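Heads up: the sequence lines are chains A and B, in that order. The numbering of the first sequence is this note's numbering, which starts it at 342 and goes up by one. The numbering of the second sequence is this note's numbering, which starts it at 342 and goes up by one.
Calculated from the structure, these hints are not laboratory results. Just so we're clear, the structure is a prediction, and the values are computed from it rather than from any experiment. Treat the hints with care, since some could be wrong.
Since copy identity is lost for identical chains, a pair holds within one copy or between any two.
[As the list claims (entries may be wrong)] In silico SDA-like pairs for lysine to any residue, Cα to Cα no more than 25 Å straight-line:
#: 1; residue 1: K392; residue 2: S426
#: 2; residue 1: K392; residue 2: G513
#: 3; residue 1: K392; residue 2: E522
#: 4; residue 1: K463; residue 2: A452
#: 5; residue 1: K463; residue 2: D417
#: 6; residue 1: K392; residue 2: E473
#: 7; residue 1: K392; residue 2: L358
#: 8; residue 1: K463; residue 2: S413
#: 9; residue 1: K463; residue 2: R517
#: 10; residue 1: K392; residue 2: R510
#: 11; residue 1: K463; residue 2: S416
There are 2 protein chains.
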Amino acid sequence: MARWRSDTRERLQAAALHLYLSRGYDETTAADIAEAAEVTERTFFRHFADKREVLFDGREFLTTAFVDRVASAPSDAEPLAIIASALDGAAAFFAPERREWSRSRQRIIDANPALQERELLKLAGLAVEIAEALRTRGVEEPAATLSAQSCLTVFGVAFAAWVADGETRPFGDIARATLHELTRVTAGPDAR
Amino acid sequence: MARWRSDTRERLQAAALHLYLSRGYDETTAADIAEAAEVTERTFFRHFADKREVLFDGREFLTTAFVDRVASAPSDAEPLAIIASALDGAAAFFAPERREWSRSRQRIIDANPALQERELLKLAGLAVEIAEALRTRGVEEPAATLSAQSCLTVFGVAFAAWVADGETRPFGDIARATLHELTRVTAGPDAR
């Protein structure tokens with residue numbers, strides 16, 4: 342993709358976020374976003390299927406970040422090590438310069454139940470893709486689904502902490518601490 | 342609730358399941374269900390908000406089953422023991438005589454993406470309620486959310502196995518084996 346297209350895309354995303362926060366998601370149209378980004382509505386729709394997808398198109402890159410790390414983990418890695426590797430992939434995606442965008446995006450989603458549902462469904466789809474990548478590596482069921490779901494559990498908790506007001510630790514540090522806490526919680530003395 | 346009402350409700354549920362399987366979910370109306378159950382449409386709507394809720398109203402009882410066991414676990418129980426207790430609550434709910442109903446229901450849901458989304462969202466809500474019940478017991482974050490999500494992870498995997506063709510083990514046995522497998526997966530040597 343040529344650089345100018347990427348610029349346009351980022352301008353559209355920035356304009357959308359600004360309008361969703363200042364005017365409200367429901368009150369903003371694709372035409373409003375295009376106008377604020379100084380492009381035509383047709384250009385908006387070349388980049389995004391609709392105004393909702395401005396908030397969710399990054400999920401494809403995130404899925405790739407997760408799944409690539411699952412695929413490239415050492416061949417003898419245990420599921421937990423593969424999960425840790427996948428979370429490192431997410432950490433590369435959620436770089437420090439993305440935190441403000443993610444925070445703003447989360448504020449918009451938290452204010453809109455329909456967007457929350459969309460987010461949940463996207464994350465459920467992500468878990469399915471990670472489980473598939475684990476099975477491709479030879480991880481059997483139910484370990485593959487349990488690992489993939491646990492990866493998403495850690496991701497969800499870590500992400501919420503990462504975008505919380507005042508949090509300054511990098512995503513990778515939070516994710517590792519959360520994975521460690523999951524190990525602690527699920528390895529209690531009462532395991533049956 | 343008087344016995345006759347419960348009978349009507351069960352008749353409506355049985356008629357709905359039969360129609361959803363034989364004719365298709367989208368092709369069945371609340372009026373069709375009422376007619377098959379030999380009651381008026383108004384009676385249908387006294388029991389269910391719409392035709393979709395015939396498939397989902399049990400979720401409230403399931404939530405209660407989970408949350409009650411979380412609340413009533415011994416006061417010194419570790420999160421994992423509380424999860425095991427909650428899964429026992431689910432096992433009481435998914436008694437052997439419910440398996441055929443659950444199998445049929447699952448077949449209908451698997452054939453309909455909108456129902457799958459509804460199911461995912463209901464389960465996400467269940468995780469939120471379990472986390473809340475854990476916090477009420479004094480379990481701190483992020484352990485409460487990690488435990489609740491892990492509980493739902495185990496539940497989802499165990500439930501899918503329980504309704505699989507040919508599976509004969511009781512839900513409780515499958516859930517315990519799955520919880521054990523989760524402990525194994527998340528306690529690998531590569532824990533950081």
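Legend entry - Index of numbered hints that the structure contradicts, given in increasing order: As far as the earlier hints go, 1, 2, 3, 5, 6, 10 and 11 are violated by this structure, in ascending order.
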